[in-house]
Amino acid sequence: MNIAPTPPAGGAIHPSEEQVALAMRGFLADIGPASALALDSCIHCGRCAEACQFYVQTGDPRYTPIHKIAPFKQAYEREMGPFAFVYKLLGLTPKVSAGELMQWQELLYDSCNMCGRCSLICPMGIDIADLVEQARHGMYVAGMTPPDFLGVLAEKEKSTGSPFGMTTQQLQDALHDIGAKYDVVMHVDEAQAEIVPTISSIDLKTYPSSMAAIAKILNHMGASWSFRTDGFDADNVALTAGDRAGQRKITLGVVRAAVACGAKTLVMPECGHSFTEMRWEAANAYGKNLPFRIVQITELLAEGLANGQIRVNKAPQNATYHDACQLSRRGGASAAPRVILQSLGVDLHEMEDAGDANWCCGGGGGVALIKRAQPLRDKAFAIKKRQVEATGADKVFTSCSGCRQTLDHGGKATGWNKEVASLLELVADNLRD
Amino acid sequence: MQNADDKGNANDDETLGAMLSARGIGRRGLLKFAIAMASSLALPPGVAPLMAANLAKAKRRSVIWLSFQECTGCVETLLRSSSPTIDQVIFDFISLDYQEALMAAAGTAAEKTLHDAIAANKGEYLLAIDGSIPTKDSGVYSLTGGRSNLAMLKEIAADAKAILAIGTCAAFGGIPKAFPNPTGAVGVEDLVSGKPIVNIPGCPPVPEVLSGVLAYFISFGKLPDLDERKRPLAYFGATIHDQCYRRAFYDQGKFAHSFDDEGARQGWCLFELGCKGPTTHNACASLKWNNGTSFPIQSGHGCIGCSEPDFWDAGGFYTSLAGGSAAGWRNAGIAAAVGIAGGAATALAARNKSRPDPEDKP
Amino acid sequence: MTLLEFARGPAFQASVLILIAGVAWRLVAIILLRRRPQFAEPRHGLPARIGGGAATILSRFVPRRTFWPRIAVSVVLSATFHIGLAIIVFGGAPHILLIHQLTGLTWPSLPRGVISLVSGVTLACMIALLIRRLNHPVLRLLSTADDYLSWLLVFLPVLTGILLSGETIGGYATLLALHIISVELMMIWLPFGKLMHAGLVFAGRGLMGMNFSRKGAAT
Amino acid sequence: MKNYNFLDDDQLVDALLVEIAGMLSRLIADGEEGAIDLLGLPLSPSCVAELERRLGRGEISVGLDAIGLSEIRETGFPGVWWTQHADGSGRVIARLIEATTIPAILRADVEDVKRGQKLLLASTHVACKTSRSAS
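Protein chains in written order, with this note's numbering: chain L, 17 to 449; chain P, 201 to 562; chain D, 18 to 236; chain B, 181 to 315.
Derived from the structure by calculation, the hints contain no laboratory data.
Beta carbons are placed, not taken as given, at the ideal position from N, Cα and C, and that holds for glycine.
Mixed in with the good hints there might be a few duds.
[Unchecked claim] List of simulated lysine-lysine pairs, DSBU-like, C-alpha gap at most 35 Å:
| hint | chain 1 | residue 1 | chain 2 | residue 2 |
| --- | --- | --- | --- | --- |
| 1 | L | Lys387 | L | Lys330 |
| 2 | P | Lys454 | P | Lys395 |
| 3 | P | Lys488 | B | Lys294 |
| 4 | P | Lys312 | L | Lys265 |
| 5 | L | Lys304 | L | Lys330 |
| 6 | P | Lys361 | P | Lys454 |
| 7 | L | Lys330 | L | Lys197 |
| 8 | L | Lys387 | L | Lys221 |
| 9 | P | Lys354 | P | Lys312 |
| 10 | P | Lys553 | L | Lys304 |
| 11 | B | Lys298 | P | Lys553 |
| 12 | L | Lys330 | L | Lys172 |
| 13 | B | Lys298 | P | Lys361 |
| 14 | P | Lys488 | P | Lys430 |
| 15 | P | Lys336 | P | Lys259 |
| 16 | L | Lys387 | L | Lys401 |
| 17 | P | Lys257 | P | Lys336 |
| 18 | P | Lys553 | L | Lys104 |
| 19 | P | Lys322 | P | Lys454 |
| 20 | P | Lys454 | P | Lys259 |
| 21 | L | Lys265 | L | Lys330 |
| 22 | P | Lys430 | L | Lys174 |
| 23 | P | Lys488 | P | Lys553 |
| 24 | L | Lys330 | L | Lys411 |
| 25 | L | Lys387 | L | Lys428 |
| 26 | B | Lys294 | P | Lys430 |
| 27 | L | Lys172 | L | Lys104 |
| 28 | B | Lys294 | P | Lys259 |
| 29 | L | Lys304 | L | Lys265 |
| 30 | L | Lys197 | L | Lys221 |
| 31 | L | Lys172 | P | Lys312 |
| 32 | L | Lys111 | P | Lys336 |
| 33 | L | Lys111 | L | Lys197 |
[What the hints assert, rightly or not] To spell it out: a stretch of chain D is covered by chain P in this simulated footprint if at least three of its residues, at any positions, have a beta carbon under 8 Å from a beta carbon of chain P; those stretches are:
| hint | stretch |
| --- | --- |
| 34 | 58–70 |
| 35 | 93–103 |
| 36 | 113–122 |
| 37 | 162–169 |
| 38 | 212–223 |
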C-alpha cells in the first residue's frame with residue numbers, strides 16, 4: 017500500500033482528491049471481523065451520546081460518538097460491507113468527500129478522548145473508541161491530523177524516537193541530572209536488568225520528580241533495573257495521532273531495548289495510552305510472544321506492597337482518586353491504585369462513577385495536545401471538577417501524567433485550588449526502610 | 201316437490217294465496233312463513249306482513265333445474281329435510297318444471313318438457329344449477345342427451361330471469377375444479393355474464409338458504425343483497441368462526457391440541473386442529489343441519505371450509521390456518537450455500553482492501 | 018390462488034430462503050475478513066474470556082446504573098417493545114402453532130387477552146420510539162432510511178396482528194394474508210438492514226465481552 | 181355481534197329490556213309497532229330463559245295451529261308479546277318479542293274471512309257429510 021511518505025502535519029488546507037483516496041484506504045486498512053461486526057450492528061439508538069462528556073456538556077448532536085466515525089463507516093459500507101457491491105451499484109453509498117473529511121477532523125480528534133465510556137453504554141457491544149482509533153489512522157495517512165501539537169509531536173516522535181526530539185545523550189544527561197537533583201541512584205543503559213521502566217515525555221518535561229520516584233522505589237525494592245535510552249518512549253503520540261508506522265517504530269524500539277538487557281518486567285509509567293499500546297499491541301508488533309511481562313507502575317507498586325518488597329509508612333490524608341480511562345476502564349487496572357491508597361492509610365473519598373464508569377479528565381486521546389480544543393476540553397473538565405468537589409477531598413491522586421497535566425491546567429484556568437498529585441510519588445515519599 | 205309436480209300447471213294462473221287457501225293453509229300460515237323467512241334472511245320482523253301480502257298475490261314461478269358435473273349430494277340435501285318443514289312450503293311456491301333426478305319423464309319426453317318450459321316462461325323462469333361445468337375439449341366430459349353442459353348452460357341461461365348456482369361446484373367449480381382439474385371445470389359465474397346470479401355454495405349447501413332466497417325472490421321479484429362472491433349476505437355475511445359457539449374458547453386461548461385430548465373433550469376451540477371457521481363464510485353455525493340439530497364443529501370436527509372457493513386445494517383439513525408450508529431442508533441448504541459462497545466471495549474481495557501486514561509498507 | 022394461499026405458500030417459502038441466504042451471506046462476509054493474531058499475554062484464560070463474553074451478552078440487557086437517568090426513556094421504551102414482541106411471537110397461540118408445524122416444538126400459549134394487551138403496549142411503544150426518532154436531535158442525525166424502513170417492517174406485523182385478532186376491518190382471510198405477508202417482508206429485509214441486530218447483538222456483545230475480558234477491561 | 185362473549189346474561193337481558201321499553205314508548209306516542217327477532221340475536225338458551233322469566237306471563241295466551249304450532253302470549257307487561265312459531269316437526273322457526281296492542285297474526289285476514297263465510301253458508305244448506313269436502 018502506497019502511503020504518503022511524509023503527510024503534511026498541517027492539514028488545515030482543503031484535502032486533495034489524493035488525500036481523500038488515501039483516507040479511504042487508511043480507513044479500510046485495519047477492518048477485520050470485529051470492526052465489521054461493530055459497524056454492522058449499530059442500531060442508531062443514540063445512547064452513546066449520553067455517555068460522552070462532549071455531548072453531555074454541549075448538547076451538540078455532532079458529538080455523538082458513533083457519528084464521529086461516520087466517514088469511516090461510510091468507507092466500510094461502500095467498499096467492504098457484506099452487500100457493499102449492491103449498495104455501490106445502486107449508488108446508495110456515495111464516496112466520502114473532501115469537505116466531510118475536513119469536518120470530521122474536529123469530531124475525530126478534538127472531541128474524542130477515546131475514553132471508551134460510549135463502549136460501555138452501547139447495547140450492541142460496539143467498541144466505539146477502537147473504531148475512532150482506526151478512523152484516526154485513515155485521517156493520518158491522508159495528512160489530516162490536526163495542525164497542532166498532536167501532528168507535530170507525532171512527526172518528531174517518528175523521526176527521533178521522542179515527541180520532543182530528544183537524543184540519547186540528552187536523555188542520559190537529563191536522567192543523571194534528575195538523580196543528582198533528587199539524590200537518587202540512577203541506573204541508565206545497564207547491560208542487564210530485570211526491570212525496565214519506560215519514560216513518559218510529559219514526566220520528563222513537566223514532572224521529573226516522578227522519574228526520581230520510580231528510581232527510588234526500584235532501589236528500595238533492591239531490584240535489578242535500568243532505564244534504556246535506546247528504547248524508552250512510553251508516550252506513543254503516534255498512536256493517538258493515528259500513525260501506524262510511527263506507533264510500530266516506537267513500540268518495537270522499546271521492546272528491542274528491553275529484550276537486549278534481558279528484562280523480565282517492562283514497567284509502563286503513569287500514563288494511559290502508552291500502557292494500552294504496549295500491553296496489548298507490542299507483542300503483535302513484535303510478531304510473537306514477548307519474553308517479558310508488561311505492567312503499569314501501579315500494578316508493580318500494588319504487587320510490591322503485597323509481597324513486602326515495598327514497605328511504606330502511613331500517610332493519612334483526605335483524598336480522592338481520578339481513574340485514567342485507559343488504565344481502569346480500558347486497561348483492567350482499577351484495583352491496584354486503591355490497594356496502594358489503602359496501604360498508605362489514605363482516607364479515600366471516591367468520586368461518583370469512580371472506577372469503570374469514570375469520566376475522562378478531558379485531555380485523553382491526544383486532545384490535550386490540540387490547542388484549539390481547549391474550550392471543549394474545559395467543558396469536559398467541568399464534570400471532573402464538579403465530581404471532585406462533591407467528594408469533599410483536599411487532594412486528587414492519579415496515576416497518569418496526562419490526566420495530571422490536564423487537571424493541573426484545568427485547575428489553573430478555572431482558579432481551582434485542589435492539589436493534583438501522583439500516586440507513584442506518594443509511595444516514593446513514604447517508603448519505610 | 202312431487203306435490204308441486206303433481207299439481208302440474210293447472211293452477212298456474214291462480215295466486216299463491218288462493219292456492220294455499222285451497223290446500224288449507226290460511227293467511228295466518230302464510231304470515232307465519234313470512235315471519236320465519238324474514239328471520240332467516242335477517243330482515244327486520246316488520247317486513248313480514250308485506251312479504252306475506254306479496255306472496256299471497258304472487259304467481260308460481262317456473263324453475264328449471266339443470267344438474268351438471270355433480271354428485272347429486274346437493275339435491276339429496278334439499279330433499280332430506282324431514283316433513284313437513286317450513287322450507288318445504290317453498291316448493292308449493294314454485295313449479296319445478298325440469299329436474300332430471302326427480303322427474304318421471306325420461307329421454308325425448310324429458311327433452312320436450314324442458315323445451316316447453318323454456319318456451320312458456322321465456323325471460324321469467326329461474327334457472328337452478330348444481331354441478332360444475334367442464335370446459336376443456338369443448339366440454340365433452342359431461343353430456344346430457346348428447347349435448348354438452350357448456351352448450352346447455354349458454355342456451356338456457358340466455359332466457360332466464362335469474363340464475364341460482366347451488367352448491368360449491370356450481371358456484372366456484374368445487375371438487376371437479378380441484379387440482380389438476382382434468383376437465384377444466386369452472387363455476388357458472390365464470391361462463392355467464394349479464395344475468396343476475398346468486399351463489400349458494402356449500403358441499404352440500406344449507407337447505408334453508410335456498411328456501412330463503414326463493415322466498416325473497418318470489419316476494420320482492422329480485423335477488424337478496426349479495427356479497428362480492430355473489431352469496432346472499434344474510435347467510436354468508438359472517439364467518440363460521442364469528443358465529444361459533446366455541447368462539448369464546450378461541451378468545452380465551454383454549455384450544456384442543458388433538459382430537460382425543462382433554463381440550464377436545466371440554467369442547468374447546470378446534471383452530472389448532474385445522475378448523476377453517478375463520479376463513480369460511482356460511483350459515484352452518486347459526487342454522488345448523490338436520491333441522492337445527494348440529495353442525496360439524498358441534499360434533500367435534502373442525503370446519504373444512506367447503507363453501508369457499510378452491511377449498512379442496514387450500515391446505516390440509518387438519519393443517520391449522522396459522523401454519524405455512526416450509527421451504528424444505530434441501531432448498532434451505534441451497535439457500536445457505538448460496539449465502540455462504542456469496543459472503544465468502546465478498547469477504548475475500550474485501551480482504552484485498554485491508555492491510556496484509558501490520559506495517560505500512562509500500 | 019388466493020392472497021392467503023400465496024402468503025402461506027410461495028411467498029413464505031421464498032422469504033425463508035432469502036432470509037437464510039441473506040443471513041449466511043452477511044455473517045460469512047464478516048467472519049472471513051482478515052484477522053490478525055494476538056500475541057499479548059491475556060489477563061485471563063480462555064474459559065474466563067468465554068465467561069466474560071457470556072456475561073456481557075446478559076449484562077448489556079440492563080445498562081449500568083450511572084447511565085440510567087440519561088437513557089431511561091430509551092431503555093424503557095425499547096425494552097418494553099422488545100419484550101412485548103417476544104411475548105407475542107413466543108406466547109401467541111397461532112405463532113406457537115406455526116413453530117410447531119415447522120419444527121415439531123411446542124409449549125403452552127398465553128391467553129388471548131394477555132397477547133392483546135401486550136400487542137397494544139408494543140404498538141404504543143413503537144409509535145413513541147418513532148416520534149422520538151423524528152424529534153431527538155441525536156437520533157435525527159443518526160437515522161437513515163434503513164431505520165425507518167426497519168421500523169415500518171416491524172410495525173406492520175404488529176398492526177396487522179392486532180387487526181387480525183380483533184377482525185376489525187376486512188375479513189379474517191384477508192387480514193391473515195396481510196399479516197403473514199408483512200412478516201415475510203420483514204424476514205426478507207432482515208439480513209440486509211439493521212434488523213440483523215437481532216442476531217448480531219449476541220455476536221457483538223459476546224465478542225466485545227471476550228476481547229475486554231482478555232484485557233481485564235470493564236464490560 | 182363480535183363481542184357477545186364478553187357480556188353476561190344479565191347484561192344482555194337488561195339491554196333487551198331497555199330496547200323493549202323504547203318500543204313501548206313509541207307505541208304509546210304514535211302507535212308504531214315494533215318487534216325483536218330473538219333468533220337473529222346470538223343468545224344462549226339460558227339467556228332466552230332468563231329473558232322469558234324476567235318478562236313474566238300476562239293475561240292472554242293463544243295457541244295457533246298453522247304449518248305447525250305457535251304460541252302467542254302477552255307478557256307481564258301489557259303490550260309486550262312473546263311469540264314463538266314452530267314448524268310441523270316442532271322446530272322453532274321464529275321467536276319474536278312484539279310491542280303491539282294485538283299481534284297481527286291473531287287478526288283474521290279478510291281473504292280468509294271471505295272464504296270462511298262461503299263455507300259457513302254452504303254448511304247451512306247441505307248435509308254434514310258433503311260440507312267436509314270443501315276443506
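Verification of the hints:
no. : hint                 : result
1   : L:Lys387 to L:Lys330 : violated (40 Å)
2   : P:Lys454 to P:Lys395 : violated (46 Å)
3   : P:Lys488 to B:Lys294 : violated (40 Å)
4   : P:Lys312 to L:Lys265 : violated (111 Å)
5   : L:Lys304 to L:Lys330 : violated (43 Å)
6   : P:Lys361 to P:Lys454 : violated (49 Å)
7   : L:Lys330 to L:Lys197 : holds (26 Å)
8   : L:Lys387 to L:Lys221 : holds (18 Å)
9   : P:Lys354 to P:Lys312 : holds (18 Å)
10  : P:Lys553 to L:Lys304 : holds (25 Å)
11  : B:Lys298 to P:Lys553 : violated (111 Å)
12  : L:Lys330 to L:Lys172 : violated (43 Å)
13  : B:Lys298 to P:Lys361 : violated (38 Å)
14  : P:Lys488 to P:Lys430 : holds (22 Å)
15  : P:Lys336 to P:Lys259 : violated (40 Å)
16  : L:Lys387 to L:Lys401 : holds (20 Å)
17  : P:Lys257 to P:Lys336 : violated (45 Å)
18  : P:Lys553 to L:Lys104 : holds (15 Å)
19  : P:Lys322 to P:Lys454 : violated (56 Å)
20  : P:Lys454 to P:Lys259 : violated (53 Å)
21  : L:Lys265 to L:Lys330 : violated (42 Å)
22  : P:Lys430 to L:Lys174 : violated (86 Å)
23  : P:Lys488 to P:Lys553 : violated (73 Å)
24  : L:Lys330 to L:Lys411 : holds (16 Å)
25  : L:Lys387 to L:Lys428 : holds (16 Å)
26  : B:Lys294 to P:Lys430 : violated (43 Å)
27  : L:Lys172 to L:Lys104 : violated (40 Å)
28  : B:Lys294 to P:Lys259 : holds (21 Å)
29  : L:Lys304 to L:Lys265 : holds (16 Å)
30  : L:Lys197 to L:Lys221 : holds (15 Å)
31  : L:Lys172 to P:Lys312 : violated (116 Å)
32  : L:Lys111 to P:Lys336 : violated (61 Å)
33  : L:Lys111 to L:Lys197 : violated (58 Å)
34  : 58–70                : violated (count 0)
35  : 93–103               : violated (count 0)
36  : 113–122              : holds (count 4)
37  : 162–169              : violated (count 0)
38  : 212–223              : violated (count 0)
Against the hints set out earlier in the document, violations occur for numbers 1, 2, 3, 4, 5, 6, 11, 12, 13, 15, 17, 19, 20, 21, 22, 23, 26, 27, 31, 32, 33, 34, 35, 37, 38.
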